[in-house]
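Using the sequences and the hints given, assemble the complete structure.
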Amino acid sequence: MTGMDAILQGGLQGYLVVALLLFSIGLAAVLLRRTLLMQFMGVELMLNAANVALLAFARFRGGDAQAMVFYLFIIAVAACEAAVGLALVIGLYRHRDTTDSDRAASLKQ
Amino acid sequence: MNKYYWLIPILPLLGSAFNGLLGKRAGKSAVTIVGLGVVLGALLLALSAFFAMKGMPDHRLILNYGEWMGTGSLSVPFGLAVDPLSGTMMLVITGIGFLIHLYSVGYMHEDEGYARFFCYLNLFVFFMLTLVMGSSLVLMFVGWEGVGLCSYLLIGYFFETDFAPDAGLKAFLTNRVGDLGVVIGMMVLFAAFGTLTVSDILTQAGHLAPEVGFGVLTFATLMLFVGATGKSAQLPLYLWLPDAMAGPTPVSALIHAATMVTSGIYMICRLAPVFTLTPITMDVVAWVGAATALFAATIGLVQRDIKKVLAYSTVSQLGYMFLGLGASGFAAGFFHVFTHAWFKALLFLGAGSVIHAMHHEQDLFKMGGLKSKMPITFWTMLIATLAIIGFPGTSGFASKDEILYLAYLKSPALWAIGVIAACCTAFYMLRLFTLTFFGKARDHHAYDHAHESPNTMTLPLVVLAVGTVLAVFLGWPKAFGGDFHIEGWLAPATTFGQLHAAHGEHGSHQLAWILASVSTILGLSSAAFGYFSYKDGLAVSEARAAKFPFLHHLLLNKYFVDEGVELYLLRPIRWFGNVLWKLFDVILIDGVGVNLPGALARVFGDFTALFQTGRVRNYALSMALGAAVLLYVFLK
Chain A
1 MTGMDAILQG
11 GLQGYLVVAL
21 LLFSIGLAAV
31 LLRRTLLMQF
41 MGVELMLNAA
51 NVALLAFARF
61 RGGDAQAMVF
71 YLFIIAVAAC
81 EAAVGLALVI
91 GLYRHRDTTD
101 SDRAASLKQ
Chain B
1 MNKYYWLIPI
11 LPLLGSAFNG
21 LLGKRAGKSA
31 VTIVGLGVVL
41 GALLLALSAF
51 FAMKGMPDHR
61 LILNYGEWMG
71 TGSLSVPFGL
81 AVDPLSGTMM
91 LVITGIGFLI
101 HLYSVGYMHE
111 DEGYARFFCY
121 LNLFVFFMLT
131 LVMGSSLVLM
141 FVGWEGVGLC
151 SYLLIGYFFE
161 TDFAPDAGLK
171 AFLTNRVGDL
181 GVVIGMMVLF
191 AAFGTLTVSD
201 ILTQAGHLAP
211 EVGFGVLTFA
221 TLMLFVGATG
231 KSAQLPLYLW
241 LPDAMAGPTP
251 VSALIHAATM
261 VTSGIYMICR
271 LAPVFTLTPI
281 TMDVVAWVGA
291 ATALFAATIG
301 LVQRDIKKVL
311 AYSTVSQLGY
321 MFLGLGASGF
331 AAGFFHVFTH
341 AWFKALLFLG
351 AGSVIHAMHH
361 EQDLFKMGGL
371 KSKMPITFWT
381 MLIATLAIIG
391 FPGTSGFASK
401 DEILYLAYLK
411 SPALWAIGVI
421 AACCTAFYML
431 RLFTLTFFGK
441 ARDHHAYDHA
451 HESPNTMTLP
461 LVVLAVGTVL
471 AVFLGWPKAF
481 GGDFHIEGWL
491 APATTFGQLH
501 AAHGEHGSHQ
511 LAWILASVST
521 ILGLSSAAFG
531 YFSYKDGLAV
541 SEARAAKFPF
551 LHHLLLNKYF
561 VDEGVELYLL
571 RPIRWFGNVL
581 WKLFDVILID
591 GVGVNLPGAL
601 ARVFGDFTAL
611 FQTGRVRNYA
621 LSMALGAAVL
631 LYVFLK
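Here the protein sequences come in this chain order: A and B.
If you're matching positions, the first sequence starts at 1 in this note's numbering and goes up one per residue.
If you're matching positions, the second sequence starts at 1 in this note's numbering and goes up one per residue.
Simulated from the structure, these hints should not be mistaken for lab results.
Hints should not be assumed to be uniformly reliable.
[Said to hold, decoys possible] Partial pick of chain A residues on the chain B-facing surface, computed with a CB cut under 8 Å:
{"no.": "1", "residue": "LEU27"}
{"no.": "2", "residue": "GLN39"}
{"no.": "3", "residue": "SER101"}
{"no.": "4", "residue": "ALA105"}
Because the structure is a prediction, the values reported are computed rather than measured.
C-beta atoms are modelled at their ideal positions from N, C-alpha and C, and glycine is treated no differently.
Rendered as structure tokens:
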């Protein structure tokens, strides 16, 4: 039994539970925190939860290499998106002196 | 040459485009050269076309430039027709038109809108030529509407004044009423003949299928006559013409005396073979014409504005023309169009010359004694005045006498009305003439400044005076040893090769002599009466007006027709319009149609806006819940 076999021993459910937990934590951060930076980190968590689930499925289908390539792309795109998101947060801070997302609601008024 | 004749109407159009688009930048001299040049070019081409037409065996020159519109059985060609009738009109329009263009150079030289003026005037010549030359009723109607537009533009030329734009609008709207008649008449003619090409209609007019019936034709011709009353200012649609004097004087001469207002008569002459088939219409035409002639002449007796007098005189003379047409004297009516074009254009231009000299004073009561100051204007206007009052030997005598003679053959009552109107004409013309040129100056300030007009203005006066004198040779009546040349000359157009005796029995020459003597003696005594009433100023006439205060008041206020129209026609229409506005526009369309859906949308929008908090977290929550619901739905 190799190391990898031991890891797989637990079955798919374990991985999915981890992914679900990660996703829930991220969602909670987005919904409950008002600081944009924290909400942003929540979004990243949710994204990675999805990645975990993706790779777990791939592994249990017999080590599909496509999923890994897909994952690498997602990471790369997520990095770009993170740069844009952070820039937006900084922009908001410069104009409004705040990073509180509830106070960036001027379109409503 | 034939292939250049399409340029006759197109040249003035090009001139109009140039003056309108580039005239202001090109400068006054360029506008003058182009504006006059194109009309002169059209005149020369028209002369050439005229003689080419004379050379044709049937005196008809039809130029076709392909089909304009064809749908179903309707086929309207783009065609120009030159025959004796349209040929004569072409020469009148371009010839007198050119003289009036020339006159305008002097008359309008100080005006800001010089280029605009010539743009409109050229455009008018284009449309008038289209009206006259169009080989189909549709093309004629294009010109008909176009001259109406130009008339509107030129009446409202002084648009910064209060009354000119209103007068223009009045002319335009009154003509709309008549134009509806023309459209209906055209449709009925199409239904009856299956074509709108004039020559085809006339060819078929004689042997019309019996099932079409003459009732249909009567209706069609009556409708066309309604259009003619609008354009040619007959009762009851004459109201616009006196107001049209708000335009510059050359416009009054060209459009509202010599050419456009005669287009109703022209149309009837054009369709003479059809009108001859409908005796009822002919009666209506004759009686309306006679009534208008008398009605307008009586108003002219007391007007103070020199142009207003001439305007009512024009309405009255147009009435004579219709009287002639109604008495089956198409040649006589058209001959009066021709002679009237000369002497009335001359009268208007003479009046314009006086007005110009008097610094735009138009009140007859403030003129006087201008004879020595303005000799050329005096002598030329004298010729025109003699012509219009029917002094024996003048062109006006020849044409008016022929009309009155034919009217007598139709009904002595018509003749009597015509003679009374002629007496009124003689009186007010001498009144106008005496007040202007004889006696003492009543406004010394203006009198001291008065001077003879520049050459560009006096030259057209002289040429028109020569034309007024010479016009008589075209139609000296048979009763007086002439041959009434114009009748045979127009025959190819007015009878169109059909053998119906226009007015079968020609009464004896003796009768003609008696009638002419009576009307001439009465006319000349009225003229003398007019002269002696006013030669020593206004005292005599004021005393007379005081003796008949009611009559004077009635005439001075033009029988209160304008007031009556305002009270009984316009006010109810306005009231009705107001009701429609408040009910349909404000309540139904604005309220129920537009504002109600708007209000509903707003209420609904306000409601949904409650869910738009502007907070990212709320949106994220609803997204998450939505995703959860979707997952539940698809995975359960």
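Results for each hint:
no., hint, verdict
1, LEU27, "6 Å, holds"
2, GLN39, "7 Å, holds"
3, SER101, "4 Å, holds"
4, ALA105, "3 Å, holds"
In summary, the structure agrees with every hint in the numbered list given earlier.
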